[in-house]
Amino acid sequence: MSELALRRPLINRRYTLELRQHMAWYWQALILGASLVLGLLVSGAILVAAGVPAGELLNEFVLYTLFDAQSLKSVLFQASPLIMVGLAGCLAFRARFWNLGLEGQMIFGAIGATAITLWDIGSPSLRLPLMILTAMACGLLWAVAPVLLRLKLRVNEIVSTLMLNYIAVNFLLHLMYGPWKDPKDAFPYSPKYESFELLPDLPGGLSLSIPIAIGLAVLVLWFVSISRAGLYLRFVDKSPDVARSVGVPVARTILMAVLFSGALAGLAGLMVAAGQEGRLTHSFYVGYGFSGILIAFLARNNPIAATCAALLIATLFVAGRSLQVFYQIPFAMVQLIQAVLVICVASSDFFIRHRIRRVQGGE
Amino acid sequence: MSKQNAIQLSGVSKTFDGFKALADANFTARWGEVHALLGENGAGKSSLMNIVAGLYGPEGGSLFIDDNPVKLKGPKEAAKLGIGMVHQHFKLVTPFTVAENILLNLGHIQTSGLYRERLRRVTDDIRAMAARIGFDIDPDARIGQLSIAEQQRVEILKVLLAGAKILILDEPTAVLTEDEAERLLTTVQGFAREGAAVILVTHKMNDVLRYADQVTIMRAGRTVKTLKPDAVSVDELIRLTVGESPAGQDASPGGRVPGEPFLRVQGLRSTGGRRALNGLDLTLNRGEIYGIAGVGGNGQSELANALMGIPEAVSGRMEIVGEGDLADFDAARRRALGIAAIPADRYGAALAGPLSIADNFALGDIHSGRYGPFWYLNTRAIEADAAEAVRQFDVQGVRSLKQKAALLSGGNAQKLVIAREFSHPPQLVLAHSPSRGLDVKATEAVRERLRAARDNGAAVLLISEDLDEVMAMADRIGVMSAGRIVAEFSQPADRQAIGQAMVNHV
Numbered sequence: 001m002s003e004l005a006l007r008r009p010l011i012n013r014r015y016t017l018e019l020r021q022h023m024a025w026y027w028q029a030l031i032l033g034a035s036l037v038l039g040l041l042v043s044g045a046i047l048v049a050a051g052v053p054a055g056e057l058l059n060e061f062v063l064y065t066l067f068d069a070q071s072l073k074s075v076l077f078q079a080s081p082l083i084m085v086g087l088a089g090c091l092a093f094r095a096r097f098w099n100l101g102l103e104g105q106m107i108f109g110a111i112g113a114t115a116i117t118l119w120d121i122g123s124p125s126l127r128l129p130l131m132i133l134t135a136m137a138c139g140l141l142w143a144v145a146p147v148l149l150r151l152k153l154r155v156n157e158i159v160s161t162l163m164l165n166y167i168a169v170n171f172l173l174h175l176m177y178g179p180w181k182d183p184k185d186a187f188p189y190s191p192k193y194e195s196f197e198l199l200p201d202l203p204g205g206l207s208l209s210i211p212i213a214i215g216l217a218v219l220v221l222w223f224v225s226i227s228r229a230g231l232y233l234r235f236v237d238k239s240p241d242v243a244r245s246v247g248v249p250v251a252r253t254i255l256m257a258v259l260f261s262g263a264l265a266g267l268a269g270l271m272v273a274a275g276q277e278g279r280l281t282h283s284f285y286v287g288y289g290f291s292g293i294l295i296a297f298l299a300r301n302n303p304i305a306a307t308c309a310a311l312l313i314a315t316l317f318v319a320g321r322s323l324q325v326f327y328q329i330p331f332a333m334v335q336l337i338q339a340v341l342v343i344c345v346a347s348s349d350f351f352i353r354h355r356i357r358r359v360q361g362g363e
Numbered sequence: 001m002s003k004q005n006a007i008q009l010s011g012v013s014k015t016f017d018g019f020k021a022l023a024d025a026n027f028t029a030r031w032g033e034v035h036a037l038l039g040e041n042g043a044g045k046s047s048l049m050n051i052v053a054g055l056y057g058p059e060g061g062s063l064f065i066d067d068n069p070v071k072l073k074g075p076k077e078a079a080k081l082g083i084g085m086v087h088q089h090f091k092l093v094t095p096f097t098v099a100e101n102i103l104l105n106l107g108h109i110q111t112s113g114l115y116r117e118r119l120r121r122v123t124d125d126i127r128a129m130a131a132r133i134g135f136d137i138d139p140d141a142r143i144g145q146l147s148i149a150e151q152q153r154v155e156i157l158k159v160l161l162a163g164a165k166i167l168i169l170d171e172p173t174a175v176l177t178e179d180e181a182e183r184l185l186t187t188v189q190g191f192a193r194e195g196a197a198v199i200l201v202t203h204k205m206n207d208v209l210r211y212a213d214q215v216t217i218m219r220a221g222r223t224v225k226t227l228k229p230d231a232v233s234v235d236e237l238i239r240l241t242v243g244e245s246p247a248g249q250d251a252s253p254g255g256r257v258p259g260e261p262f263l264r265v266q267g268l269r270s271t272g273g274r275r276a277l278n279g280l281d282l283t284l285n286r287g288e289i290y291g292i293a294g295v296g297g298n299g300q301s302e303l304a305n306a307l308m309g310i311p312e313a314v315s316g317r318m319e320i321v322g323e324g325d326l327a328d329f330d331a332a333r334r335r336a337l338g339i340a341a342i343p344a345d346r347y348g349a350a351l352a353g354p355l356s357i358a359d360n361f362a363l364g365d366i367h368s369g370r371y372g373p374f375w376y377l378n379t380r381a382i383e384a385d386a387a388e389a390v391r392q393f394d395v396q397g398v399r400s401l402k403q404k405a406a407l408l409s410g411g412n413a414q415k416l417v418i419a420r421e422f423s424h425p426p427q428l429v430l431a432h433s434p435s436r437g438l439d440v441k442a443t444e445a446v447r448e449r450l451r452a453a454r455d456n457g458a459a460v461l462l463i464s465e466d467l468d469e470v471m472a473m474a475d476r477i478g479v480m481s482a483g484r485i486v487a488e489f490s491q492p493a494d495r496q497a498i499g500q501a502m503v504n505h506v
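Chains as they are written, first to last, in UniProt numbering: chain R, 1 to 363; chain F, 1 to 506.
It should be emphasised that the hints constitute simulated quantities derived from the structure, not laboratory data. Hints are supplied without guarantee of correctness; some may be wrong.
[Claimed, not checked] Stretches of chain R that chain F covers, calculated by requiring three or more beta carbons in the stretch to come under 8 Å of a beta carbon on chain F:
(1) 163-171
(2) 243-257
[As the list claims (entries may be wrong)] Selected chain F positions facing chain R (Cβ under 10 Å, derived; list incomplete):
(3) 334
(4) 345
(5) 356
(6) 359
(7) 379
(8) 420
[Claimed, not checked] With the Cβ distance kept under 10 Å, some of the chain R side facing chain F (calculated, not the full set):
(9) 59
(10) 222
(11) 223
Even glycine gets a Cβ: it sits at the ideal position worked out from N, Cα and C.
Chain R extracted, bound-state conformation (with noise of 0.2 Å):
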């Protein structure tokens, strides 16, 4: 019997699958991260394949990107708001709520911010942090209809967020090209924002949006495990109908999560806008919505690996100019390699459920 399975050729032999209940967290870790380098390395593999040289590729990747101190900043830089919605992903998600809203919401703030300076509200020093609770106002008003109507009418928010996404562009799109625009030349800009408007950089040259989302995080942690509503975000996100009947407040916990995700959308606008464009631009949004739903994703709305995730997709962005630069490689190949790393990773996840068994002998 066992002579024939062992002269059986590999793929024929028989396999089954069984259930796992329970795997230690080093496991996991293990698998996640071979996912990742399985990942990396087919990405890298249809880098060479669209004509960058393969010894470049760990040169321009790895070595350039985040041992360049300029560029590490750049990473940095540019992962503060990838950070944020991220977070934001992984906040409304653990409420089983699909927040593809995330783009309207950084929208809103971002136009919310810019309100403020056009048209001058508050004292030079005051300024900054007004937009920025302003950024976040927005934001979380931006969500509020669709939890509303989730909650009170049922209303599938996948499709309710996602609309309001066509509704907050068309608005900005509407602002850049007329209200908005700045006079002194025809582009669909804002004026520039004053110097006191933009978000600082810190001594040592690091932006001042890098501690603002490194706290965040650590707010964000704080929300989702230590604090009451942490409790009840897990009874919603795992069992929903035990929550129901054990007296979790479902409604308020869902409400009180996916507004706290619109705030932090609202941010990341904020951190576009103010931190990198200096303006509010006609398309300074694109491609957040969906980074910050893989984030949230490839982190399994964790928000220490959210942000860990934010930072590798912000090198691969930063990396992916520097292509684009070097080798014309389009940027598109960006969100390639992002897509690539996501579907590695939601198939690891297959083995962390399942064990894999041969079977002994046997027909």
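Please build the complex by placing chain F on the supplied structure of chain R, with the hints as guidance.
Same frame as chain R, now just chain F:
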């Protein structure tokens, strides 16, 4: 018409998670007869039939089909031997048509031909079979558009077309109106007259008296007796079904003087489509256990949900005397008043399986601020309390408080629920089938907790489909039927009278 045995089971037993669902059960059904399997909920009828249908493997005993010993590896093999079971919960794909559903089930018989060709052939077969047995079914109708009775006919057609000669119907009349039930049972009686064997799993006395040629009575996992229904009186059948008080488990003595009223339910009515609750009234006093007996599906679950705060559409009043209506209380208020809930569905309504024991325990006292203010969860306090409760309530199998609650066995999960609900001295205990699926030791532990709560002055409502449990525990007994309390008894109560009240109003 040969009268040899179609099915014979002897000495079959089956254990679930330490709970003996079947103990040395014997059953014989012959060709050409309608054989009723009568018993209360949880008597083991469905388990026994699931063994015949190849869904469960028996732990002991033997199975003969047509007088040949067989060992079934699965339902497909049972189907090949001509055994077809219509389950209580239909197994149909709702968006598919009747013909598609039936074709899906014939996979192992019809393997040749193009899909459309096979679908056409099945459609013809359905028409022919439906005409023969007098079913009015459109093979192209989608399942979702059919009524419950029509879906049941589809299930029956499904097993007949798969070649079933031994037809098992699990509680077929539970979901039907009087007329529909009559039509169905007349039809299946026809099958038996043509030589098939029909097994009717039921708890309705009427079905047995009017349609069965033989009846086997089950109680507590054992087959009590097989006899001809017209040879005995209804009283005798009821006596056999509900049994005498089991030895060593005497009925609650009674003679207690209950305290003041604590909970008053008035005119409780379901507002959904089905009138599961239909103007239920009851008064529960301090210092007593009020047991609700009744055949399953008479509104017990809906009553339990409404009282426990599990989403359920009802109107009427559930007044906690001097405090207000239960429906208006949030979780914090319920906890503050000392209302403890032990729902029947442990992992559907009481414990979140994927979360830790500590998390599950924390909900008991989270509202009072004992575990820290809103912005800070005092994990240490939670774990200290949980560890103490686990010890005090003898929850076993806890390696760590961070372990998932789903890893606990049924009895220990129930003990954890009680540990949480009783972490403050309860004033009102709502328990629905609290010992379902538990072994003897765990059952006794659970019952002891309920009695202790009563002795400390709590009002205890025990809803159970197990009459033994109600008899053993309750000081007063209300019989629930068709969504209301139809009779009330004080201990010492007459078991026969209760049994009578349970079935007479069905």
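How the hints compare with the structure:
For the region 163-171 of chain R, the assignment as covered by chain F is violated, since 0 residues bring a beta-carbon within under 8 Å of that chain's beta-carbons and 3 are needed. With 7 residues bearing a CB less than 8 Å from a CB of chain F, the region 243-257 of chain R meets the requirement of three and the coverage assertion stands. Residue-level restraint check for residue 334 of chain F holds (minimum Cβ-Cβ distance to chain R is 7 Å; threshold 10 Å). Taking 10 Å as the C-beta contact cut-off toward chain R, the hint placing residue 345 of chain F at the interface holds, the least distance being around 9 Å.
Among the interface hints, the one on residue 356 of chain F holds; its C-beta lies about 9 Å from the nearest C-beta in chain R, closer than the 10 Å criterion. The closest approach between the C-beta of residue 359 of chain F and any C-beta of chain R is roughly 6 Å, which is under the 10 Å cut-off, so the hint is satisfied. Of the supplied interface hints, the one on residue 379 of chain F holds, with its beta-carbon coming within about 8 Å of a beta-carbon of chain R, less than 10 Å. Checking residue 420 of chain F against chain R by beta carbon gives a least distance of about 9 Å; that is within 10 Å, so the hint holds.
Annotation: interface hint on residue 59 of chain R violated; nearest CB of chain F at approximately 45 Å, more than 10 Å. With a least beta-carbon distance of about 8 Å to chain F, the hint placing residue 222 of chain R at the interface is held under the 10 Å criterion. The interface hint given for residue 223 of chain R is met, as the beta carbon of that residue sits about 9 Å from the closest beta carbon of chain F, less than 10 Å.
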